[in-house]
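Asker: For reference, the chains in residue letters:
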Amino acid sequence: MQRYSSLNLAWKALRSNTGWSSAWRTPNLRRSYDVVVIGGGGHGLATAYFLAKKHGVRRVALLERGHIGQGNSGRNTQVTRSNYFYPVSSSFFDHSLKLYEGLSRELNFNVMLRQLGQINIAHSLHELEIIRRWANAIQMNGVDAEVLSEADIRKLVPILNTKSRFPIFGGLIQRRAGISRHDAVVWGFARGASARGVDIVQGCEVTGFRQSGDRVTSVETSQGVINCDRVCMSVSNQSSVLAGLAGFTLPITTMTLQAMVTEPIKPVLDPCVISGAIHAYVSQSDRGEIVIGGAADVYNSYRQRGTLAVARGVLAAVLELFPSFSRLKVMRQWAGAVDITPDTSPIMGLTPVRNLYINCGWGTGGYKAIPAGGDTMAQTIVGDKPHPLIRAFGLERFERGALVDEGAASGVAH
Amino acid sequence: MLNIPCPYCGPRTETEFTYGGPSHVTRPEFKSTDIEWTHYLYHRENPKGPYCERWLHSFGCGRWFNAMRDTTTHEILKVYLLGETSQIDEGAR
Chain A
1 MQRYSSLNLA
11 WKALRSNTGW
21 SSAWRTPNLR
31 RSYDVVVIGG
41 GGHGLATAYF
51 LAKKHGVRRV
61 ALLERGHIGQ
71 GNSGRNTQVT
81 RSNYFYPVSS
91 SFFDHSLKLY
101 EGLSRELNFN
111 VMLRQLGQIN
121 IAHSLHELEI
131 IRRWANAIQM
141 NGVDAEVLSE
151 ADIRKLVPIL
161 NTKSRFPIFG
171 GLIQRRAGIS
181 RHDAVVWGFA
191 RGASARGVDI
201 VQGCEVTGFR
211 QSGDRVTSVE
221 TSQGVINCDR
231 VCMSVSNQSS
241 VLAGLAGFTL
251 PITTMTLQAM
261 VTEPIKPVLD
271 PCVISGAIHA
281 YVSQSDRGEI
291 VIGGAADVYN
301 SYRQRGTLAV
311 ARGVLAAVLE
321 LFPSFSRLKV
331 MRQWAGAVDI
341 TPDTSPIMGL
351 TPVRNLYINC
361 GWGTGGYKAI
371 PAGGDTMAQT
381 IVGDKPHPLI
391 RAFGLERFER
401 GALVDEGAAS
411 GVAH
Chain B
1001 MLNIPCPYCG
1011 PRTETEFTYG
1021 GPSHVTRPEF
1031 KSTDIEWTHY
1041 LYHRENPKGP
1051 YCERWLHSFG
1061 CGRWFNAMRD
1071 TTTHEILKVY
1081 LLGETSQIDE
1091 GAR
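Residue numbers (my numbering), protein chains in the order written: chain A, 1 to 414; chain B, 1001 to 1093.
Take the hints with a grain of salt, since some may be wrong.
Ranges of calculated distance between the beta carbons of each label pair, as one might list FRET restraints [claimed, not checked]:
(1) A:Leu403 - B:Gly1083: 44 to 52 Å
(2) A:Gln202 - B:Pro1011: 51 to 59 Å
(3) A:Pro342 - B:Leu1077: 22 to 30 Å
(4) B:Glu1016 - A:Pro342: 24 to 32 Å
(5) A:Asn28 - B:Glu1016: 23 to 31 Å
(6) B:Cys1009 - A:Asn28: 54 to 62 Å
(7) B:Ile1035 - A:Arg305: 49 to 57 Å
(8) B:Thr1033 - A:Lys155: 44 to 52 Å
(9) B:Arg1063 - A:Glu129: 45 to 53 Å
(10) A:Pro27 - B:Pro1011: 32 to 40 Å
(11) B:Pro1028 - A:Glu101: 22 to 30 Å
Below are the EDC-like pairs computed for lysine to aspartate or glutamate, each with C-alpha atoms no more than 20 Å apart in a straight line [said to hold, decoys possible]:
(12) B:Lys1048 - A:Glu205
(13) A:Lys163 - A:Glu127
(14) A:Lys329 - A:Asp384
(15) B:Lys1031 - A:Glu205
(16) A:Lys53 - A:Glu106
(17) A:Lys98 - A:Glu146
Hint data in this document are derived by calculation from the structure and do not stem from the laboratory.
The model shown is predicted, which means the values in this text are computed figures rather than measured ones.
In this text, a Cβ means the ideal position worked out from N, Cα and C, and glycines have one as well.
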């Protein structure tokens, strides 16, 4: 692997930027692997990376139907935070945020993490009470959180209209929350995994599993059959389809989540601002675009195209909070198909198939969990038992009624 | 935006309707196992293709009905009344 450094950058620039090698290899698929990871999004790539790096698994294949990072890893709004309510969520997501904080160094790839905080705003005294309780819970979990007054919020976000149709009574900030570059996270993990021997095979679709007893013996793909010891699926919205191929069902509903960006403007907004009551969140990217997201569309869909009704509702709410944005043009609007679980917490760990491991159900908030998702899944696969941080997120929790009903999962009401 | 043909009022825009989730979910017997109950409560058919769902024409006639919609194209393949079954649904049983 060619290391990236300022010295290297300057040296290559002097030579007209020739001599850069590709960030990852394009290997041919072999006939047999120790672990096959299905899905080349952030979670799949991070799992493959940690399998090779931390656990020394030599023969790992990562299969991606299209191109890596083209699903939800390339469609999210790049927020990383760990302001969760329940201790099990907090400890998992804070592990992830800590990994994010060291990720550029770990991967030798600048993921452009910018920790300018995230503010959840309260529009009524009752909402402020709930936010206080939430802040207390976060602090008890050992994670940073501060309750803000309306004046504090006005100071941090001067362009926010605090006396609008949705008056602001206060809020909650996690200062360590932030925004990073999603493509860089995908590319960084892909480059690191490839350098450690992971075969990243794009354009390879999984079409079936060959099973013997309760184990998978091989994976059928569009490029032939691969024998393998263990399989991990991290395929987000396609999880129900793949689980069906393996012979079990999941408590997942695939729905559409939209986001949009405006034309770029000068910096006006440091933290990410979330309103649970009106179901919208806003941040400004490094390029200056205002990034806006909101509620998921209401019906099941694999189409990756949002409905105008929801986009209009989100924009109307955002313009009440930020009247100055009314003159901005929306440059792009897009949607991803997200895998929603009944309790809005992920499903990670073992499945009814002995050597098939699952990482899905991230719904509207999987990006922030990428490094921890990879780290914990890699250990789960190698040790054949759930990593301590994900024990509460197993598929069997629905049978036991031990839901992790995390209203904070996407920072907005569900 | 969907154009949903309400069986009572004819085609209307999506914003007049409220989504009611999957059709034909049957409650298991009282003596069901934990697994059957879990499936009833949480596991949903999540097909990539034709899907049977309920809609309420809340800003119209106020009546519930079923629709079969393709989840990959959003095309509404047919609408039918509550109490009726779709052919696909019967085929699956």
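Asker: Now, for every hint given, state plainly whether the structure supports it.
Answerer: Each hint, compared with the structure:
{"no.": "1", "hint": "A:Leu403 - B:Gly1083: 44 to 52 Å", "in the structure": "32 Å, violated"}
{"no.": "2", "hint": "A:Gln202 - B:Pro1011: 51 to 59 Å", "in the structure": "42 Å, violated"}
{"no.": "3", "hint": "A:Pro342 - B:Leu1077: 22 to 30 Å", "in the structure": "27 Å, holds"}
{"no.": "4", "hint": "B:Glu1016 - A:Pro342: 24 to 32 Å", "in the structure": "28 Å, holds"}
{"no.": "5", "hint": "A:Asn28 - B:Glu1016: 23 to 31 Å", "in the structure": "54 Å, violated"}
{"no.": "6", "hint": "B:Cys1009 - A:Asn28: 54 to 62 Å", "in the structure": "58 Å, holds"}
{"no.": "7", "hint": "B:Ile1035 - A:Arg305: 49 to 57 Å", "in the structure": "36 Å, violated"}
{"no.": "8", "hint": "B:Thr1033 - A:Lys155: 44 to 52 Å", "in the structure": "57 Å, violated"}
{"no.": "9", "hint": "B:Arg1063 - A:Glu129: 45 to 53 Å", "in the structure": "39 Å, violated"}
{"no.": "10", "hint": "A:Pro27 - B:Pro1011: 32 to 40 Å", "in the structure": "52 Å, violated"}
{"no.": "11", "hint": "B:Pro1028 - A:Glu101: 22 to 30 Å", "in the structure": "47 Å, violated"}
{"no.": "12", "hint": "B:Lys1048 - A:Glu205", "in the structure": "16 Å, holds"}
{"no.": "13", "hint": "A:Lys163 - A:Glu127", "in the structure": "16 Å, holds"}
{"no.": "14", "hint": "A:Lys329 - A:Asp384", "in the structure": "51 Å, violated"}
{"no.": "15", "hint": "B:Lys1031 - A:Glu205", "in the structure": "42 Å, violated"}
{"no.": "16", "hint": "A:Lys53 - A:Glu106", "in the structure": "11 Å, holds"}
{"no.": "17", "hint": "A:Lys98 - A:Glu146", "in the structure": "19 Å, holds"}
Violated hints for the displayed structure, listed by number in ascending order: 1, 2, 5, 7, 8, 9, 10, 11, 14 and 15.
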